[in-house]
Amino acid sequence: MNNKTDMINNISTVLTKVREKTPLVHAITNYVTINDCANILLAFGASPAMAEAYDETYDFAKISSAIYINIGTLTKEQEQSMIMAVLSAKNNNIPVVLDPVACGAIKRKIDFIQKIFEIGKVDIIKGNLGEIKYLAGYEAKIRGVDSIDDGSNSIEACVSLAKKYNCIVAATGAQDIITDGKRTAIIENGTSLLTLVTGAGCMVGALTAATAAVEEDKFLATVASILSMNLAGEHAAKTAKAPGSFKVKLIDEIYLLKENDFEKEGKIQWI
Amino acid sequence: MNNKTDMINNISTVLTKVREKTPLVHAITNYVTINDCANILLAFGASPAMAEAYDETYDFAKISSAIYINIGTLTKEQEQSMIMAVLSAKNNNIPVVLDPVACGAIKRKIDFIQKIFEIGKVDIIKGNLGEIKYLAGYEAKIRGVDSIDDGSNSIEACVSLAKKYNCIVAATGAQDIITDGKRTAIIENGTSLLTLVTGAGCMVGALTAATAAVEEDKFLATVASILSMNLAGEHAAKTAKAPGSFKVKLIDEIYLLKENDFEKEGKIQWI
Amino acid sequence: MNNKTDMINNISTVLTKVREKTPLVHAITNYVTINDCANILLAFGASPAMAEAYDETYDFAKISSAIYINIGTLTKEQEQSMIMAVLSAKNNNIPVVLDPVACGAIKRKIDFIQKIFEIGKVDIIKGNLGEIKYLAGYEAKIRGVDSIDDGSNSIEACVSLAKKYNCIVAATGAQDIITDGKRTAIIENGTSLLTLVTGAGCMVGALTAATAAVEEDKFLATVASILSMNLAGEHAAKTAKAPGSFKVKLIDEIYLLKENDFEKEGKIQWI
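Chains as they are written, first to last, in my numbering: chain A, 40 to 310; chain B, 40 to 310; chain C, 40 to 310.
I should point out that these hints are in silico values taken from the structure, not numbers from a laboratory.
No experiment lies behind these values; they were computed from the predicted model shown.
One should not assume that every hint holds.
Said to hold, decoys possible - Subject to a maximum C-alpha distance of 27 Å in a straight line, what follows is the list of computed DSS-like cross-link-like pairs (lysine-lysine):
#: 1; chain 1: C; residue 1: LYS297; chain 2: C; residue 2: LYS43
#: 2; chain 1: B; residue 1: LYS280; chain 2: C; residue 2: LYS297
#: 3; chain 1: C; residue 1: LYS277; chain 2: A; residue 2: LYS277
#: 4; chain 1: C; residue 1: LYS115; chain 2: A; residue 2: LYS154
Throw the hints in and build the complete structure from the sequences for me.
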């Protein structure tokens, strides 16, 4: 386990690197929150691109800094385009973040995720707690796209899934759990207003692709993106008390995030 | 006809029930306003899910509390997925709200609506006045996705359509008309700013699925959703004077709606 | 070259005509910013419609005042629907605005643009500087969907492309260049916040379809739409300092734009 102060300093550095390098994030994502993902990436300092025709994504992935795959509204054409993107990512060593939206509620999505792991590669799985527990083979309480899980065996499930696929696993919720199978971080920041805005999960997934693009240590990259979202949420909740205004402020606060906010405000438990 | 005070009290109860039960609304809807529909459902207290692949929707409909079908940008894949969803709704007795966007301007949409009624079932048709009059076989003035109808024979057309399909019919406009063929309500609330925001109609359709999920009397459920939108619009228009700010406030005000706002502010004529 | 004061007065007239005629803009556009395009068209005074199934667009184009084609997320179905729309535009003499998003980064898009010119017709090409230079056959610096071009030979490239296709060409950037091959306008207005919001380019493309619908001189129509966006951006930037709030204000300020803002604030160089 790294030293705690080192870790926090490294998280600040990830934000700096995103802003300096403006990584090109290739997102193939659901149509519900595709606009929010693009806007938050821009506000964070990254450069979003949403190429998704199946004869575009193999080549486009090559010129991307990282790929974000979100299966929320998985059309047949998106299914093909995601396969081509993750295959290209494997062949060209591009980081991939997978957001397994609703994988516990719709069987086809589990089949598709298995295909992604067989054909391509995934560096980071970022889901809500229900999705992660389901993927890990634990009993999970899920309702549509939402997790209503009580949180039992959460850390165990995350660690188990990380070891199974040899990747980073992040489960978001009231607490966020991030693990690479050995190191685990639990983030206590955030606000319940994030649950009243569609796409908070998608947006943090997109941000994770941006941090994974610039940071070699993908565990650290994932802690940085999730903590960024939580702190921006806390800042937004200071003035916005209802979900419409909150979403607008959330984008603002991602843009206004300061490097030393992480050290001052981050509530991280390192295990 | 129920007593007026009873009706208003029952409308308040619908909002309470949505917030308590957080109904899972399965929306297959156009890509223009899909994000707005998800956000307003969350703000209202419901849980939105936008599954739309054709091999997902039959099963997903089963676990949903209500289904919202909006044919605004009807891709071929959506067409199939909607058919599967309404068929599942019929077989599993799930309430369905149909939004016949642009049905008067594009012939394919009328053909599709007929297929929906043949294969599946619809509990509530919610359209703008031009769409409803066109569906009812009345002369209607339509321009693209907008109604420019003068409103002649409006109530007659709504009642006729409700009887034809044995369902609730709601026609939105400067006045909103809701009828089950016997009972009719005319709502005078609202603000012209609602016409300057894309998706106001879609959003009220999505809210109607939420109320239909929790209220057995679908006529009452529809009055409740449309009145909620109109009151939230009036509240938002108090501080927002231009459409960008208004849309943000509209989501806020749906969230902030109070049960007794209906009685205090509702301008409903019961026929 | 027309007289400068005449030109500015004519630009004001374009805005007046949009508000009086509420042109029906048929947009087939990317899913990232489709909602923003609809909202800004409404705020500007136009009537947006996003029909995009391939068996709808030929007939729908006929009843439209202008067509906006944006190839950002070009699905196979959109490809077919765009072909049908531009063919209908040619046969029915409807103005077409083409937004060649990412044409320099993805080969398929160049092939498709050539097909559009072969089968249909285009009145105005509106892209970022990198896209326009690439289309014109000049060396262009492009990164994903963004131009990072230094601007050398920009005017020459625009003029050359305008002559090649006998249409208006607009290249947006820190400076905006609009030309019909003979007359050229360079607009110096705007704000860097426009680059932090996804879809600023798409929105100005959609507005250009609205102005092209009401103004016979398509060069003037394009200057009017681009100047409108830039002035609205400047107005929004007076109070909004971060991208979330800025986007909301941008829609407000398009709605609040006054006819005499053009003369008072427009910084146009006529060549």
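Verification of the hints:
no. : hint                : result
1   : C:LYS297 - C:LYS43  : holds, 19 Å
2   : B:LYS280 - C:LYS297 : holds, 15 Å
3   : C:LYS277 - A:LYS277 : holds, 23 Å
4   : C:LYS115 - A:LYS154 : holds, 23 Å
In this structure, none of the earlier numbered hints is contradicted; all agree with it.
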